[in-house]
Amino acid sequence: MKFSLDQKVKVHKAGALALVIALMTVATVLLVLLIKPFEIKVSMVVIGQSYQPMTIYHAGKIPEFKEDEFQMTAMAESSLTEGLSKVEHEAKIRSALPIHHVRIDPFTKSGEVLLFEEVKMGAIDYDYTLSANLLMAQASKGNQLAVIEANEAGVKLSSLGEDPHFQLRIDKALVQEAMWLYIFRVAAILFFVASMMYAVFQIVENSTAIGAMFYEFYASSIGRNATRTVSSIAGFLLLAFAVYQLMAMHTWWSVERVKQAFVADGVGDSVPAEVKTMKELITKHNVQEYDLLGDLGQGKHYNVVYQRATEYLYPVRVKEGVSNKFIKTEFIASTLSAGCQEQDRKDGISLLLCR
Amino acid sequence: MEYRYCCVDKSMNRSLLASLLLSAYSIANLVAWSAGLHLSVLIFLAVFIYSLVYCFKKSPLHVISILLISTIFVLLILSHPVTDWDARSIWFFHAKQIYYEDSLFAQLFGYARWSHTDYPVLVPSLAASLAKLFGFWNEIFPRASVVMALAPGFFLGAYVFRSYGLFAAWFSAVILICQGWLLNGYMDAIVAVYFSLGLALAVQANISSRNSESVSTIFPFLGIGVCFFHLSLLKNEGLILAILMVFAAVPAMWRRPSNSLIPLVLLLFYVVLWKLPVSLAGIETDLTANDGILSRGIQRVQDPTSWSMLIDYFHRNSYPFYTLFGFLTVGAVFSKKWQFNWLPALIALIAYMMVLLVVFLTTYHDLAWHLSTTEERLVFAFNLGTVTLGLYFLKNVGEKIVANAHKYSIKGVEV
Chain E
1 MKFSLDQKVK VHKAGALALV IALMTVATVL LVLLIKPFEI KVSMVVIGQS YQPMTIYHAG
61 KIPEFKEDEF QMTAMAESSL TEGLSKVEHE AKIRSALPIH HVRIDPFTKS GEVLLFEEVK
121 MGAIDYDYTL SANLLMAQAS KGNQLAVIEA NEAGVKLSSL GEDPHFQLRI DKALVQEAMW
181 LYIFRVAAIL FFVASMMYAV FQIVENSTAI GAMFYEFYAS SIGRNATRTV SSIAGFLLLA
241 FAVYQLMAMH TWWSVERVKQ AFVADGVGDS VPAEVKTMKE LITKHNVQEY DLLGDLGQGK
301 HYNVVYQRAT EYLYPVRVKE GVSNKFIKTE FIASTLSAGC QEQDRKDGIS LLLCR
Chain L
356 MEYRYCCVDK SMNRSLLASL LLSAYSIANL VAWSAGLHLS VLIFLAVFIY SLVYCFKKSP
416 LHVISILLIS TIFVLLILSH PVTDWDARSI WFFHAKQIYY EDSLFAQLFG YARWSHTDYP
476 VLVPSLAASL AKLFGFWNEI FPRASVVMAL APGFFLGAYV FRSYGLFAAW FSAVILICQG
536 WLLNGYMDAI VAVYFSLGLA LAVQANISSR NSESVSTIFP FLGIGVCFFH LSLLKNEGLI
596 LAILMVFAAV PAMWRRPSNS LIPLVLLLFY VVLWKLPVSL AGIETDLTAN DGILSRGIQR
656 VQDPTSWSML IDYFHRNSYP FYTLFGFLTV GAVFSKKWQF NWLPALIALI AYMMVLLVVF
716 LTTYHDLAWH LSTTEERLVF AFNLGTVTLG LYFLKNVGEK IVANAHKYSI KGVEV
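Chains E and L are the protein sequences, given in the same order.
Residues 1 to 355 (this note's numbering) are what the first sequence spells out, left to right.
Residues 356 to 770 (this note's numbering) are what the second sequence spells out, left to right.
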């Protein structure tokens with residue numbers, strides 16, 4: 001059966017229209033689901049008899065935990081005495097919707113015991129540590145596990161079954177979406193819909209080859225500007241989607257933060273408080289070189305304070321054996337008897353001058 | 356009516372010129388820093404703005420895309436200080452040293468050797484120049500130099516893909532694959548951008564080398580030169596990627612040996628400007644400095660747990676791209692037309708994954724720790740390279756359809 005040209009054109013128009021409407025619907029849904037502006041970080045320090053891989057789930061206001069899960073990444077493990085291991089676990093969870101609950105599955109088999117030394121929840125610039133009481137209260141409502149002990153050292157849990165787990169409720173501050181991102185998301189959806197409607201209009205008007213089933217028709221119409229216009233629109237929309245997803249990872253963005261970017265010596269957000277204090281003392285006393293004593297310098301560049309001091313205080317350099325030394329004020333007594341004088345102190349850090 | 360790319364073609368050649376000019380700034384800036392001087396970032400900005408206007412006069416979407424996205428990138432970067440390990444303790448610490456010591460080789464003076472002082476200094480030199488513009492150093496704005504490092508790649512992408520639709524698709528792939536790694540101060544995403552463009556340019560050079568007009572291969576080789584320069588001086592692994600990228604252009608160099616001068620000259624530049632001073636300072640890269648590489652490798656090869664971790668790593672971070680890679684490889688293997696042009700680029704991709712495998716097998720770190728701290732950034736080169744070659748394939752198919760379009764006509768339909 002031979003089809004006339006008019007019939008072919010009608011079929012192609014209808015096919016193109018249906019395809020673009022379907023794409024429009026899928027793109028809008030994807031925009032909402034794939035862009036994940038809500039992110040939380042959960043970190044735990046756990047002591048147990050052996051390395052325990054952990055799994056974490058997340059849910060919204062109603063704690064219905066779906067199958068998507070995150071393996072908590074184990075950080076450096078250090079062995080303690082009595083055959084115990086200390087492991088730091090961390091997981092970052094991103095979601096298209098606000099995260100109100102997480103579920104922790106800490107055990108792999110029945111009868112195991114774990115001490116939760118520390119549990120922290122956070123976003124990029126805000127975090128809080130769960131107190132032992134709060135952790136115990138949440139864990140005691142858990143499934144197939146029991147709270148053995150809760151004190152300053154942490155909360156000790158034991159597994160009673162094959163699927164032990166407990167839930168944690170997330171602090172409100174972590175679940176808020178920045179207003180600018182919310183407005184932008186609505187505007188982006190409207191922009192997508194409007195652009196797709198324009199694309200449909202172009203296709204219907206110019207009967208281009210999108211959705212065409214016949215090669216010759218496609219080849220003969222490729223020269224039409226409408227095809228390039230539609231492919232340009234599609235490319236721009238895809239790019240806008242990609243950029244928007246990147247922006248959604250920066251929900252903490254604000255104009256005030258950008259203004260801070262041009263303050264001399266910047267904002268030492270990534271620097272420990274001890275190092276910021278050292279900077280103030282260095283500037284006040286015009287110190288050219290310094291040494292780090294006790295906790296501050298133990299382990300050299302494996303020590304976080306030593307590392308951050310090396311970077312942040314530069315061009316003032318850390319050097320062993322120089323007369324200017326930093327030490328935590330609580331440990332100053334031993335150094336004073338060794339011929340050092342305290343020059344200054346601030347916020348628990350002392351600057352010494354030693355001969 | 357024959358469809359012609361005339362107006363688009365000229366502006367896209369201009370975008371190659373823009374990429375060269377911006378790269379020339381980076382080269383001149385590096386040379387200046389080696390003499391204790393620097394080039395003002397205002398020169399870079401002027402070239403960038405002028406290039407946008409000059410190259411894309413007839414294509415406002417290109418201008419909007421590149422300018423808007425660069426601005427968004429910079430604004431996102433300015434919203435928080437550099438916090439990630441490598442960015443803070445390696446790249447931007449080296450930049451700080453260059454800034455304060457007024458020397459490209461400041462990190463070779465022996466201070467803080469644990470910060471990988473052998474690592475190259477392209478982005479640190481740009482960050483130091485940016486800091487000189489403002490007259491002070493802080494933890495935040497110097498990181499905007501990653502956008503300066505990416506800018507030549509944006510223009511090169513416009514040259515490679517020509518039509519806006521494909522350029523935007525490639526640009527989207529860069530952002531969707533690399534995501535936050537583009538801006539956090541790590542070099543892996545930037546390296547992946549230049550490696551992927553270099554592979555597409557290698558294929559273009561191989562195709563063009565069959566053309567009797569000799570000028571048609573010089574353009575892609577100039578683009579390969581831009582990629583080689585950036586790869587070799589972004590990070591140590593970049594040199595391996597640069598060599599693999601040049602391998603992908605072997606068929607073109609075989610036909611036109613004079614084109615191999617471009618990567619050779621840039622290799623010499625890299626050795627003289629950076630590798631020689633590092634060697635004279637007695638600094639080795641940490642991966643090779645530790646003894647027992649061979650014994651560690653043999654031990655891990657025989658260890659099923661190591662293989663399990665490695666297979667999980669490569670699967671988890673690259674599985675969406677294996678199908679596309681497979682499709683391209685099957686086509687390249689079984690098509691005589693494709694073999695010459697495409698197969699070397701695909702071999703380069705798989706060779707990179709082999710190199711990664713060897714690095715992991717022989718690492719002196721604990722393997723689990725190394726894999727977990729590496730995350731997905733090391734496979735960006737493979738992932739983005741595969742997608743880029745796929746898009747470049749689409750571009751070639753589209754051009755072939757256009758070239759043959761005049762053969763087809765339908766009665767009553769105006770073409």
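Honestly, the hints are just simulated from the structure, not real lab data.
Treat the hints with caution; some may be incorrect.
[Unchecked claim] Okay, derived cross-link-like pairs now, SDA-like style, lysine to any residue, Cα gap no bigger than 25 Å in a straight line:
#1 LYS109/E / PRO659/L
#2 LYS92/E / THR729/L
#3 LYS66/E / ARG169/E
#4 LYS692/L / ASN566/L
#5 LYS319/E / SER444/L
#6 LYS279/E / TRP440/L
#7 LYS86/E / TYR719/L
#8 LYS66/E / TYR674/L
#9 LYS300/E / SER650/L
#10 LYS36/E / LEU397/L
#11 LYS276/E / VAL287/E
#12 LYS36/E / ASP439/L
#13 LYS300/E / PHE331/E
#14 LYS319/E / PRO675/L
#15 LYS92/E / LEU722/L
#16 LYS259/E / ASN566/L
#17 LYS92/E / LEU397/L
#18 LYS41/E / ALA636/L
#19 LYS259/E / LEU649/L
#20 LYS487/L / GLN144/E
#21 LYS36/E / PRO659/L
#22 LYS259/E / VAL429/L
#23 LYS41/E / GLU456/L
#24 LYS319/E / ASP473/L
#25 LYS319/E / TYR719/L
#26 LYS109/E / TYR455/L
#27 LYS413/L / LYS61/E
#28 LYS259/E / PHE464/L
#29 LYS36/E / VAL11/E
#30 LYS284/E / TRP724/L
Consistency of the hints with the structure:
no. : hint                : verdict
1   : LYS109/E / PRO659/L : holds (24 Å)
2   : LYS92/E / THR729/L  : holds (16 Å)
3   : LYS66/E / ARG169/E  : holds (16 Å)
4   : LYS692/L / ASN566/L : holds (14 Å)
5   : LYS319/E / SER444/L : holds (18 Å)
6   : LYS279/E / TRP440/L : holds (21 Å)
7   : LYS86/E / TYR719/L  : holds (22 Å)
8   : LYS66/E / TYR674/L  : holds (23 Å)
9   : LYS300/E / SER650/L : violated (29 Å)
10  : LYS36/E / LEU397/L  : violated (36 Å)
11  : LYS276/E / VAL287/E : holds (14 Å)
12  : LYS36/E / ASP439/L  : holds (21 Å)
13  : LYS300/E / PHE331/E : holds (18 Å)
14  : LYS319/E / PRO675/L : violated (49 Å)
15  : LYS92/E / LEU722/L  : holds (22 Å)
16  : LYS259/E / ASN566/L : violated (54 Å)
17  : LYS92/E / LEU397/L  : violated (39 Å)
18  : LYS41/E / ALA636/L  : violated (42 Å)
19  : LYS259/E / LEU649/L : violated (52 Å)
20  : LYS487/L / GLN144/E : violated (61 Å)
21  : LYS36/E / PRO659/L  : violated (37 Å)
22  : LYS259/E / VAL429/L : holds (13 Å)
23  : LYS41/E / GLU456/L  : violated (38 Å)
24  : LYS319/E / ASP473/L : holds (21 Å)
25  : LYS319/E / TYR719/L : violated (28 Å)
26  : LYS109/E / TYR455/L : violated (56 Å)
27  : LYS413/L / LYS61/E  : violated (51 Å)
28  : LYS259/E / PHE464/L : violated (35 Å)
29  : LYS36/E / VAL11/E   : violated (39 Å)
30  : LYS284/E / TRP724/L : violated (41 Å)
Comparing the model with each numbered hint stated earlier shows that hints 9, 10, 14, 16, 17, 18, 19, 20, 21, 23, 25, 26, 27, 28, 29, 30 do not hold.
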